[in-house]
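For the record, the sequence lines run as chains A and B. Position 115 (the first sequence) corresponds to 115 in full-length UniProt numbering; numbering is contiguous. Position 116 (the second sequence) corresponds to 116 in full-length UniProt numbering; numbering is contiguous.
Take these hints with a grain of salt, some might be off.
[What the hints assert, rightly or not] Covered stretches of chain B, as calculated for chain A (at least 3 residues, CB under 8 Å): (1) 85 to 92; (2) 104 to 116; (3) 156 to 170.
None of these hints come from the bench; they were simulated from the model. The structure presented is a predicted model; accordingly, all values stated were derived computationally and were not measured. From the three backbone atoms N, C-alpha and C, an ideal C-beta is built for every residue, glycine too.
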Amino acid sequence: MIRYILTRLARAILTILLVMTFAFVVLRLSGDPAQILLGPDAPQDAIDTFRARWGLDDPLWRQYLAYLGQILRGDFGTSMRDGSAAITLVLERVPATLALTVPALILKLGIGIPAGVYAALHRESLADRGVIMASIFGFTIPSFVLGLLLVLVFAITFDLLPAGGQDSWRHAVLPIVTMSIGGIGILARFSRSAMIEVLGQPYIRTAMAKGLPWRDVVWKHALPNAAVPIVTLVGFMVGSLIAGAIVVESIFSWPGVGRLIVVSVANRDLAVVQCLLLVIAATMVIANLLVDFAYGLLDPRLRSGRPAH
Amino acid sequence: MSFVSIRDLRVSFSGVQVLHGIDLEISKGEALGLVGESGCGKSVTWLAALGLLPGKATVSGSVMLEGTELIGTPRRRIEAVRGARIAMIFQDPSSSLNPVQRVGRQICESLALHRGLRGGVARAEAIRLLDLVGIPSAATRMNLYPHEFSGGQCQRIMIAMALAGEPDLLIADEPTTALDATIQAQILDLLGRLRRQTGMAMVFISHDLGAVSAVCDRAAVMYAGRIVEQGEIGPLFRTPRHPYTRGLFDALPDLDADRRRLVPIEGTVPDPKALPGGCAFAPRCTRASALCHSDRPGLKPQAGGGRLACFHPVPLPQRAEVYA
Numbered sequence: 001m002i003r004y005i006l007t008r009l010a011r012a013i014l015t016i017l018l019v020m021t022f023a024f025v026v027l028r029l030s031g032d033p034a035q036i037l038l039g040p041d042a043p044q045d046a047i048d049t050f051r052a053r054w055g056l057d058d059p060l061w062r063q064y065l066a067y068l069g070q071i072l073r074g075d076f077g078t079s080m081r082d083g084s085a086a087i088t089l090v091l092e093r094v095p096a097t098l099a100l101t102v103p104a105l106i107l108k109l110g111i112g113i114p115a116g117v118y119a120a121l122h123r124e125s126l127a128d129r130g131v132i133m134a135s136i137f138g139f140t141i142p143s144f145v146l147g148l149l150l151v152l153v154f155a156i157t158f159d160l161l162p163a164g165g166q167d168s169w170r171h172a173v174l175p176i177v178t179m180s181i182g183g184i185g186i187l188a189r190f191s192r193s194a195m196i197e198v199l200g201q202p203y204i205r206t207a208m209a210k211g212l213p214w215r216d217v218v219w220k221h222a223l224p225n226a227a228v229p230i231v232t233l234v235g236f237m238v239g240s241l242i243a244g245a246i247v248v249e250s251i252f253s254w255p256g257v258g259r260l261i262v263v264s265v266a267n268r269d270l271a272v273v274q275c276l277l278l279v280i281a282a283t284m285v286i287a288n289l290l291v292d293f294a295y296g297l298l299d300p301r302l303r304s305g306r307p308a309h
Numbered sequence: 001m002s003f004v005s006i007r008d009l010r011v012s013f014s015g016v017q018v019l020h021g022i023d024l025e026i027s028k029g030e031a032l033g034l035v036g037e038s039g040c041g042k043s044v045t046w047l048a049a050l051g052l053l054p055g056k057a058t059v060s061g062s063v064m065l066e067g068t069e070l071i072g073t074p075r076r077r078i079e080a081v082r083g084a085r086i087a088m089i090f091q092d093p094s095s096s097l098n099p100v101q102r103v104g105r106q107i108c109e110s111l112a113l114h115r116g117l118r119g120g121v122a123r124a125e126a127i128r129l130l131d132l133v134g135i136p137s138a139a140t141r142m143n144l145y146p147h148e149f150s151g152g153q154c155q156r157i158m159i160a161m162a163l164a165g166e167p168d169l170l171i172a173d174e175p176t177t178a179l180d181a182t183i184q185a186q187i188l189d190l191l192g193r194l195r196r197q198t199g200m201a202m203v204f205i206s207h208d209l210g211a212v213s214a215v216c217d218r219a220a221v222m223y224a225g226r227i228v229e230q231g232e233i234g235p236l237f238r239t240p241r242h243p244y245t246r247g248l249f250d251a252l253p254d255l256d257a258d259r260r261r262l263v264p265i266e267g268t269v270p271d272p273k274a275l276p277g278g279c280a281f282a283p284r285c286t287r288a289s290a291l292c293h294s295d296r297p298g299l300k301p302q303a304g305g306g307r308l309a310c311f312h313p314v315p316l317p318q319r320a321e322v323y324a
């Protein structure tokens, strides 16, 4: 067990390191921050001073080693725009993003899974067909289209909810709905097929042959088995809690992490983008570790290292 | 009165009829074998009787359990029969147990359901049952998961779980098909012993004639969704009358006799969607006449006991031959 945890941990650290390196290299090869931040009309000596100030004239490998050294000391760099600590800028934005993504995640789980399970239990009924249709709609419509559509209907036509900003809970409604529709569709679809797969297994017939009431067959035998594949998808959604709102935050002018990403990338604010990517990668990696851990809890076959059949 | 009496049981899946009117009687304590090739409807008969077929199956006819109709009864009523009066074990024991639940808990679930046993009492009874079916060191192995047992042991656990409800009838649906030959013999032995100890009746579904003769008093041979011959094991096995039954024996190697070429039954089982007009076996039958292709023989009682559905049965051996 300890070896299992250690290898997972090592793999997690390697993943984060790779993301960091990749971000570092790509950012530096894809445009000059001095030029972008100071504008096209900036005098050459201002640009030179800026480049010297941020060490941009050093060879790439030296910049990279310096960056790694900083990270190891717990220093995530400073914003080129306003000189404040990058990590502070990022962490400041996290609560605003979580205020959207956490309720959206709860909606996805609370509606998607029950709808999928219900459809599976009433296969080929009207409700089942309804769930399939709705979920296809949910996960095929892009969030930028859905977001604008909702704004058009609820903000402009009926004037029920604000179209953007962060002043009250009412401002959060449209972004949360926009964000959750796709996830609800995917989860419903996925839970339905996971459940149908499980309901066809011989052990379900055994549970029925035992004389268990149908409700117990579903709750005690089918759902715990269907949970294993569903957890994978939920883990991915948990991993996207920080970074999953880029489009929606832009549509609704919501000052969260997603907006910060867009602005910082556009400005080539290197330290902030790197810090963002580090935080996002870490969230995804931690979510994956949790999923691995949940697998072990849910399926004893995975605990002992044998493949599930 | 018979314990279970099946009358004209018919099943179809999405409009394709697979069971064409089955009549069967099971008395208390007796062991009946149900024999036939895969897909002939042996398992479907009992899955239908217990309401375990998927929703797309249409079931008609009658299954009476001590005078109570099971077909078309509300789910609650049939759930009360399952496990308590009639228990069932299946072909693939490893996947018939819930992979994410400890086996002890799965047995205790039945004990709670049918006998109201809980906690330590249920545990003790589960250990006793596991002991009874031959799982060594049951007290500790209760806490293991199904994947930690072999196929044969999983079948023993399935049997223990079936016994938990103290059923009057155990349906064993090809319980040894997925197991090694030596394990098969052990499981057959176990089933025979349990039947003697508990006095429960048993329906043994198998395509293995040897296994059926070892366990059962009586057997019914099925072909393409119908019973074609039934009778006491002795006469049925000594002098099979239906050409299909006879064919099943000819296809078996005989260890005692001189080495001979096995005689296969030519052809394949007909597609349920396109059954022949007369006797379903006629296209493969060496004794078939024009009548067999146009009319279907009914299942008729025979002089020496037993029932037979054939216009041209294999003749009984002459007296002289029997004593030769």
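Structure-based check of all given hints:
1. 85 to 92: This one holds; 4 residues, not fewer than the three required, reach chain A with a Cβ under 8 Å.
2. 104 to 116: holds (count 4)
3. 156 to 170: Satisfied; 3 residues make the cut.
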